[in-house]
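Chemist: Make the full structure from the sequences, and use the hints.
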Amino acid sequence: MHSNRHLSLILMFVCGLLAWVPGVWSGSGSAIAASIPAQVTHTDALGRQVQLDGAPQRVVSLVPSVTETIYALGAQGLLVGVTDFCNYPPQAQNKQSVGAYDSPSIEAIAMLRPDLVIIAADMATPALLQTLLELDIPVYSVYPRSLKATIEMQRNLGAVLGYAEAGATLASQLEQAIAQLNQEVNQTGVETSPRVLLTIMLEPLVIAGTDTLPGEMLACAGGVNVATPGSRYPMWNMESVLAFDPDIIIVSPHPGTSSPRDFFLRFKQLRAVQQGNVVEIPADWLQRPGPRIIKGLEALRQAITDAATHTPEKIDATQH
Amino acid sequence: MMEAQMLQIQKLDFSYRGKKVLRQISFGVEQGKVVSIMGANGSGKSTLLRLLRGRLQPDGGEVRWGNAAAHKLSRREMALKVAVVPQQLQQPFGFQVREMVAMGRYIYQQPLAGPSRQDWKIVDEALASTDSAHLATRCSAELSGGELQRVMLARALAQQAPVLMLDEATSQLDMGHKRSICLLLRHLGQNGKTIVQVSHDMNSAAEISHKILLLSPAGEQIAFGSPYEVLTSAHIEAAYGVQVDIQRYLSTGGGTGGGTGESTEILRFLPQPLTSRSTP
Amino acid sequence: MQPSIRHTYLWLPLCLLFLGGAVVAGLIYGTVPLTPSELVDILLHPQSSGLKSTVVWQLRLPRVGLAALVGMALAVSGTVFQAVLRNPLADPYILGVSGGAALGAVLALTFFSVQSYVVPSLAFSGALLALFLVYLVARAHQAATHTLILAGVMVGSLCTAMLMFLLLYAPADPMRNALFWLAGNLARGEERWLPYGAGVCMILVLLLWSRAGLLDVFTQGEDVAADLGVDIGRERMFLFCAAGLLVAIAVALAGLVGFVGLVVPHAIRLLWGAGHTRLIPAAAIVGAGFLVGADAIARTVLAPAEVPVGVVTALVGAPFFLYLLRLRGR
Chain A
1 MHSNRHLSLI LMFVCGLLAW VPGVWSGSGS AIAASIPAQV THTDALGRQV
51 QLDGAPQRVV SLVPSVTETI YALGAQGLLV GVTDFCNYPP QAQNKQSVGA
101 YDSPSIEAIA MLRPDLVIIA ADMATPALLQ TLLELDIPVY SVYPRSLKAT
151 IEMQRNLGAV LGYAEAGATL ASQLEQAIAQ LNQEVNQTGV ETSPRVLLTI
201 MLEPLVIAGT DTLPGEMLAC AGGVNVATPG SRYPMWNMES VLAFDPDIII
251 VSPHPGTSSP RDFFLRFKQL RAVQQGNVVE IPADWLQRPG PRIIKGLEAL
301 RQAITDAATH TPEKIDATQH
Chain B
1 MMEAQMLQIQ KLDFSYRGKK VLRQISFGVE QGKVVSIMGA NGSGKSTLLR
51 LLRGRLQPDG GEVRWGNAAA HKLSRREMAL KVAVVPQQLQ QPFGFQVREM
101 VAMGRYIYQQ PLAGPSRQDW KIVDEALAST DSAHLATRCS AELSGGELQR
151 VMLARALAQQ APVLMLDEAT SQLDMGHKRS ICLLLRHLGQ NGKTIVQVSH
201 DMNSAAEISH KILLLSPAGE QIAFGSPYEV LTSAHIEAAY GVQVDIQRYL
251 STGGGTGGGT GESTEILRFL PQPLTSRSTP
Chain C
1 MQPSIRHTYL WLPLCLLFLG GAVVAGLIYG TVPLTPSELV DILLHPQSSG
51 LKSTVVWQLR LPRVGLAALV GMALAVSGTV FQAVLRNPLA DPYILGVSGG
101 AALGAVLALT FFSVQSYVVP SLAFSGALLA LFLVYLVARA HQAATHTLIL
151 AGVMVGSLCT AMLMFLLLYA PADPMRNALF WLAGNLARGE ERWLPYGAGV
201 CMILVLLLWS RAGLLDVFTQ GEDVAADLGV DIGRERMFLF CAAGLLVAIA
251 VALAGLVGFV GLVVPHAIRL LWGAGHTRLI PAAAIVGAGF LVGADAIART
301 VLAPAEVPVG VVTALVGAPF FLYLLRLRGR
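Residue numbers (the working numbering), protein chains in the order written: chain A, 1 to 320; chain B, 1 to 280; chain C, 1 to 330.
Any given hint could turn out to be false.
[What the hints assert, rightly or not] The list that follows gives simulated cross-link-like pairs (lysine to aspartate or glutamate, EDC-like), each with its CA atoms no further than 20 angstroms apart:
| id | chain 1 | residue 1 | chain 2 | residue 2 |
| --- | --- | --- | --- | --- |
| 1 | B | Lys72 | C | Asp91 |
| 2 | B | Lys20 | B | Glu30 |
| 3 | B | Lys81 | C | Asp231 |
| 4 | B | Lys11 | B | Glu77 |
| 5 | B | Lys72 | C | Glu38 |
| 6 | B | Lys193 | B | Asp174 |
| 7 | B | Lys72 | C | Asp41 |
| 8 | C | Lys52 | A | Asp245 |
| 9 | B | Lys121 | B | Glu142 |
| 10 | B | Lys121 | B | Asp131 |
| 11 | B | Lys81 | B | Asp131 |
| 12 | B | Lys33 | B | Glu229 |
| 13 | A | Lys148 | A | Asp284 |
| 14 | B | Lys211 | B | Glu265 |
| 15 | B | Lys178 | B | Asp131 |
| 16 | A | Lys148 | A | Asp136 |
| 17 | B | Lys178 | B | Glu207 |
| 18 | A | Lys148 | A | Glu107 |
| 19 | B | Lys81 | C | Glu222 |
| 20 | B | Lys81 | C | Asp223 |
| 21 | B | Lys19 | B | Glu207 |
[To be verified] Only some residues are given here: those of chain C computed to face chain A with a beta carbon under 8 angstroms:
| id | residue |
| --- | --- |
| 22 | Gly30 |
| 23 | Val32 |
| 24 | Val55 |
| 25 | Leu182 |
| 26 | Asn185 |
| 27 | Ala187 |
| 28 | Glu306 |
To be clear, the hints were calculated from the coordinates, so they are not data collected in a lab. Heads up, the beta-carbon is just placed ideally off N, CA and C, and yes, glycines get one too.
Modeler: Have a look at this one:
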């Protein structure tokens, strides 16, 4: 055991030396490859070529959805560092935190001696990426802005972390869920599709447009977004809500605000209020491109099918 | 023989941050007289003026307004006794000149009311008496130095205090404007206003002052008395370190507006030419 | 600046016209389009139901009222700070009030987080606390104006530092909410606060108007003001507290709305001079109209979405201000 370790150290040292000599590595590489972890190259969301010595053993995740995905893959054993925002599954909060996802502590990351850090392309700054690379820490970026990208991310993360099979399973589960929803929606027809308002935040009233992950999920579940097509996260006001009078209003309880349902229940003339279609769905199910997206899709579909059965009379009865 | 003393200064001492600025100053200001305080830069003239209106507390001696010590009077009580024409000051905001002069009526205004009809009448009179009635609707930020100084004087007059204090109020004006303000001051003095001014202009000070207080660079009183008694070659050299020729003229007083018509003796001070210094 | 300040009697009708126009625009424009006759009809029949009636009575009127109140408070407090500090570039948030309010809002969102009224009340308390700290410094020192400004900046920085420290401890969601909350938003649902805020603000504005002469005198510098008979220390404290209270109320009701307190007093000075007998009421009316109008634009240009009102106040205010400066050649 002991001598084995020495041997491998020496071998790695030699390989390192060889790598410096042009032409030697490519020629004799195949001969040595059997005894050391294979060099693998992945292309990340930024289009960077990330070279890894086989599967990483110490991973820091700077993305809450990635943390969730890692647990779903069963790869949590590799996870040595997470962010303050990585609150799911609850066990993730027992992992060492390195700070917020957009401003993590570089020292905390370095102290964990990770052999891979996973960042979100839209949250981390180029400076953070540069600093990590200068510390010789490999960085893999993800950019799950759509359902397709989320599926891809699950598959890729499986491959990168050495859990390719689990990744494929996870991805196909989401694909199947989407396919099933599509089929269901096609059966019921688009004519009856309810018009839905997806709220992100109430004060100010920020909503999810069509060109967002929740927006795409809504379309997939058979709802029509009341927001302007192509919009991302516009700020709205109650007047617009009244003017568009959506059939369903999706609210997400947020820490720091009063019950979001009450916010809309003040406006009795809203169709969604009259028919009892102000529905709470946890923000993370809709906004976090992790495995719980399936729950979000199901919840949206449930809200839409429930709405179809709701009639004004029925709701008046339940409210009094 | 002695007229009522408005203001009595006795053995006044004042130091600022451990340094003696004024020592043993004693003089009096009578009602309706013009008193000029003169001395080199840094001799404590402005400080003395501030002590006179109670803005500073003396270390020794006292400044008495009638029975009251100056620094014991409230701002309001003092503003009823003294109106101040400040040195030229920046005007960050543009006021209508009439409003600017109406600031002099601040002490007379009731807490919840603006200037009364009576106040505006006094404002317009003050503007007229400083020959600035034509400036009434002008914007204060657009006035020339001479115009602004007249407006400041009008404001001080609108305050209707018996004593007028001027702190080098004319030092930044050209000869013509300086002259016209001097004439105005003399005219005011003749009409019963008591004037205490800090001035560097020896010629006009000698002309309009009843009394002159000359300070040494160390803040000591060199002399206090009539221009003839105070402005002697020896005193002036002690105050400024400059030798001057003093010339005396006789003036009939005509053509100077507020003149009395009697012939008066006028002093003119001419510093030694620069060349005489280099070849002693 | 113009060499003369004439036709000053026109200020009141012009200001009222501006406010009236802004209010009508604020009631007519929005996601739901209205014609003037529809608006009159709705206003004459408050009992009628229907979408347009609800929009006008429940949404636009309270919002126009809030915008008017906040605009008035900010413009008047900006006027006062500029006069007392003798600095035409002073802004209502100069005394660290904004930092205090931000800290209060974050504390509320972090630790209490239940009822919506907690946030404005703690923001208000934070603003008052910041003001009080500055007041203590000023009182201990009989401070010169630049000391006050420095104290304000320091209190503001202290609040920001504490905020950053909180950020490390608190979950970041409340922090983000608080920042959104602070960004200036007139769509608050807190209608029941409006009458109280309006009452207190009106009293403060009238109180400040009644001291217009005092404000005039303050612009001459404290030395000159003292010679004109002003008890500087006491009066300055009064003016700071009244103006600071106005800002605190505005921040608690609508977060930090920029540019109103800076540009409105300035524009009116350029038009009708700096005399506060006119300036205070004119700033109050025009400030109210300015924010009501800006909010109408913010709600309309991208309808059904809206633009943050601070963006509009800056986009409309800054060019207008530049135009005024150029027009008056200064």
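Chemist: For each hint, tell me whether it holds in the structure or not.
Modeler: Hints, verified against the model:
1. Under the criterion of a C-alpha separation no larger than 20 angstroms, the hint pairing B:Lys72 with C:Asp91 is inconsistent with the structure, at around 37 angstroms.
2. Simply put, B:Lys20 and B:Glu30 have alpha-carbon atoms about 27 angstroms apart, too far for the 20 angstroms limit, and the pair is violated.
3. For the given pair, B:Lys81 sits about 16 angstroms from C:Asp231 by alpha-carbon distance, which is consistent with the 20 angstroms threshold.
4. The straight-line distance between the Cα atoms of B:Lys11 and B:Glu77 is roughly 24 angstroms, outside the 20 angstroms bound, and the hint therefore fails.
5. Simply put, B:Lys72 and C:Glu38 have alpha-carbon atoms about 68 angstroms apart, too far for the 20 angstroms limit, and the pair is violated.
6. For a cut-off of 20 angstroms, the pair hint linking B:Lys193 to B:Asp174 is broken: about 25 angstroms separates their Cα positions.
7. A threshold of 20 angstroms between alpha carbons decides the hint, and for B:Lys72 with C:Asp41 the separation of about 67 angstroms lies outside it, so the pair is violated.
8. A C-alpha spacing of about 13 angstroms is found between C:Lys52 and A:Asp245, which places the hinted pair at or below 20 angstroms, so the restraint holds.
9. Restraint check: the Cα-Cα separation between B:Lys121 and B:Glu142 comes to about 24 angstroms, which exceeds 20 angstroms; the hinted pair is violated.
10. Among the hinted pairs, B:Lys121 with B:Asp131 is consistent with the structure: their alpha-carbon atoms are about 15 angstroms apart, no more than 20 angstroms.
11. Of the supplied pair hints, the one linking B:Lys81 and B:Asp131 is violated, its CA atoms being roughly 24 angstroms apart against a limit of 20 angstroms.
12. For the suggested pair B:Lys33 and B:Glu229, the alpha carbons sit about 16 angstroms apart, so the restraint of at most 20 angstroms is met.
13. Straight-line distance between C-alpha atoms of A:Lys148 and A:Asp284 comes to about 18 angstroms, which keeps the hinted pair within the 20 angstroms bound.
14. Annotation: proposed proximity of B:Lys211 to B:Glu265 holds, straight-line Cα distance about 15 angstroms (limit 20 angstroms).
15. At most 20 angstroms may separate the alpha-carbon atoms for a hinted pair to count; B:Lys178 and B:Asp131 meet this at roughly 14 angstroms.
16. This hinted pair does not check out: A:Lys148 and A:Asp136 have alpha carbons roughly 31 angstroms apart, beyond 20 angstroms.
17. Annotation: proposed proximity of B:Lys178 to B:Glu207 holds, straight-line Cα distance about 13 angstroms (limit 20 angstroms).
18. A hinted pair counts as satisfied when its Cα atoms are at most 20 angstroms apart, and A:Lys148 with A:Glu107 does not qualify at roughly 34 angstroms.
19. Only pairs whose Cα atoms come within 20 angstroms are accepted, and B:Lys81 paired with C:Glu222 is accepted, the gap being roughly 19 angstroms.
20. Our distance criterion of 20 angstroms between C-alpha atoms is met by B:Lys81 and C:Asp223, whose separation comes to about 17 angstroms.
21. The straight-line distance between the Cα atoms of B:Lys19 and B:Glu207 is roughly 34 angstroms, outside the 20 angstroms bound, and the hint therefore fails.
22. The criterion of a C-beta within 8 angstroms of any C-beta in chain A is met by C:Gly30, whose closest approach is roughly 5 angstroms, and the hint holds.
23. The interface hint given for C:Val32 is met, as the beta carbon of that residue sits about 5 angstroms from the closest beta carbon of chain A, less than 8 angstroms.
24. Annotation: C:Val55 was flagged as interfacial toward chain A, and the flag holds, the nearest CB pair being 5 angstroms apart, inside 8 angstroms.
25. Given the 8 angstroms rule on beta carbons, the hint for C:Leu182 is violated: about 11 angstroms separates it from the nearest Cβ of chain A.
26. Restraint check, C:Asn185 versus chain A: the minimum CB separation of about 5 angstroms is within 8 angstroms; hint holds.
27. Residue-level restraint check for C:Ala187 holds (minimum Cβ-Cβ distance to chain A is 5 angstroms; threshold 8 angstroms).
28. Of the supplied interface hints, the one on C:Glu306 holds, with its beta-carbon coming within about 5 angstroms of a beta-carbon of chain A, less than 8 angstroms.
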